[in-house]
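Chemist: Residue numbers (numbering that gives the first Met the number 0), protein chains in the order written: chain A, 0 to 218; chain B, 0 to 217.
None of these hints come from the bench; they were simulated from the model. Treat each hint with caution, since some may be false.
[As the list claims (entries may be wrong)] Cross-link-like lysine-lysine pairs, in silico, DSBU-like; alpha carbons within 35 Å at most:
(1) B/Lys-3 / A/Lys-5
(2) A/Lys-3 / B/Lys-5
(3) B/Lys-5 / A/Lys-5
(4) B/Lys-208 / B/Lys-130
(5) B/Lys-3 / A/Lys-3
[Claimed, not checked] Cβ-Cβ distance ranges computed for the label pairs, FRET-style:
(6) B/Ser-105 / A/Ser-135: 52 to 60 Å
(7) A/Thr-76 / B/Gly-141: 50 to 58 Å
(8) A/Gly-27 / B/Gly-12: 18 to 26 Å
Think of the CB as a built atom: it goes at the ideal place given N, C-alpha and C, for glycine as much as any other residue.
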Amino acid sequence: MAYKPKVLEVAAGGTGASTLTGVLTGNGTGVVTASTVTQNGVLYGGSSNAVSSLAVAATGTVLTGTGGAPAFSATPTLTSVTFGSGTPLSIYNQSTFTPTITSSGTPPSVGYTTQTGRYTQIGNRAIVQILITLNSYTAGTGDLRIEGLPAGITPSQIGVGAIYCDNVTFVSSFINPVTVVSNTYLILVGTTTAGASATLASTALAATSVLRISIVYEV
Amino acid sequence: MSYKPKILTVSEGGTGVNTLTGVLTGATTANITANAVTANGVLYGGASNAVSSLSAASASTVMVGTSASAPSFSSAPVVTSINLGNTSLSTYLQGTYTPAITGSVSNPTVGYTTQTGSWTKIGNRVFLHVKIELSSISGGSGNLQISVPASPSVPVSQTNVGPCYLDNVTFIGPFVNARTSPTVFTLQGIRSALGSVVVQISDLTSSSKINFSIEYEA
Chain A
0 MAYKPKVLEV AAGGTGASTL TGVLTGNGTG VVTASTVTQN GVLYGGSSNA
50 VSSLAVAATG TVLTGTGGAP AFSATPTLTS VTFGSGTPLS IYNQSTFTPT
100 ITSSGTPPSV GYTTQTGRYT QIGNRAIVQI LITLNSYTAG TGDLRIEGLP
150 AGITPSQIGV GAIYCDNVTF VSSFINPVTV VSNTYLILVG TTTAGASATL
200 ASTALAATSV LRISIVYEV
Chain B
0 MSYKPKILTV SEGGTGVNTL TGVLTGATTA NITANAVTAN GVLYGGASNA
50 VSSLSAASAS TVMVGTSASA PSFSSAPVVT SINLGNTSLS TYLQGTYTPA
100 ITGSVSNPTV GYTTQTGSWT KIGNRVFLHV KIELSSISGG SGNLQISVPA
150 SPSVPVSQTN VGPCYLDNVT FIGPFVNART SPTVFTLQGI RSALGSVVVQ
200 ISDLTSSSKI NFSIEYEA
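With the hints as extra help, turn the sequences into a complete structure.
Modeler: Laid out in structure tokens, this is it:
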């Protein structure tokens, strides 16, 4: 009969186990246990000092916190990213909105064929496109306003954009859409070669007016 | 007297200790040591082959390196670049500068009410807005020139155009755009079937206002 040595307990300076495969963990004077790990898998703590490992992470992923076990993700969510010594980039957002025609006085009565607003916000810059086509229009009073910029992209500075319009009346040489600081509307400002500029009035539009606007401004 | 077994040393095939709690590491013939680890905490190497663990990481964080220190999780990592499948994005930077008016022949004496230039560089694109309001101007001649930011500078090889809104500035138009020229901004009046005309210092008055937005590659 072959000699079978006694498995030495932890309390006696042994491991208490006759076979161990993996990362070893102790539990006081309890038997030492072994936790197998995945090759190339990141290790993390398990319960009662055990060791666990993640599956091999795919290319194009980063290790993320989850509040529980860590995980690799190709689409991590963060507060911000800073490139070198740059400014933290904390916002990228793209969405749509519905622009409307209003005025600074009595609002006009407006029928729309098209009302589309699109924007992309990258950091503190909003890039906005607006298309409005009308099918009916009764002018209001006061200055013309193009309302509806989402509150999240309210301009913090004046921005000047470009416009292509049809069936809009103005006496100036050219017009530009201009943001109004801390407000969610644009105005159209006409400039003349003689040096005068003026905000277009609600009466500038007609039932067949078309407005196409591109503007970039600081949020 | 109770029996007290001999604790087997490592050199005898034992662990050298009678209690072990945590991940076990050895150091040749010294006693095996146990390193407690945190549940859900990422493990990393400690000193002398020990094992350490981070705290469980919060959601919306990623693991970042910290040079010679332990790694950590951050919700606001600093990296060189991110590649979303095409060109690497390596720059996002916001800044301001003070735009000033000069003349291409001689410089006017200018009083400013407002002199602001704000820019954001995203990748290789700079989005810039300039706002200038005058309180006085005298002298000077030639083309109206507006200084560009020293950084991010405007490439000499490119001409960029942006929309402009003016007040109390006369010009030969019928319309005018801002353009890079390239070491200054100028305001360019454009005429149908005729040559373009640069706005002149003499076109400004003490109440002139200039606003333009322009985007360029840098």
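Chemist: With reference to the structure, classify each hint as holding or not holding.
Modeler: Comparing the hints with the structure gives:
Pair hint B/Lys-3 plus A/Lys-5 holds up; C-alpha atoms about 16 Å apart against a cutoff of 35 Å. Between A/Lys-3 and B/Lys-5 the alpha-carbon distance is near 20 Å, which keeps this suggested pair within the 35 Å criterion. A distance of roughly 14 Å separates the Cα atoms of B/Lys-5 and A/Lys-5; the hinted pair therefore holds under the 35 Å criterion. At roughly 8 Å between alpha-carbon atoms, B/Lys-208 and B/Lys-130 fall within 35 Å of each other, so this suggested pair holds.
A threshold of 35 Å between alpha carbons decides the hint, and for B/Lys-3 with A/Lys-3 the separation of about 22 Å falls inside it, so the pair holds. Between B/Ser-105 and A/Ser-135, the C-beta spacing of about 56 Å keeps the proposed range 52 to 60 Å intact. Distance hint check for A/Thr-76 and B/Gly-141: the Cβ-Cβ separation is about 54 Å, which falls inside the suggested range of 50 to 58 Å. Distance hint check for A/Gly-27 and B/Gly-12: the Cβ-Cβ separation is about 21 Å, which falls inside the suggested range of 18 to 26 Å.
In the structure shown, no violation is registered for any of the earlier numbered hints.
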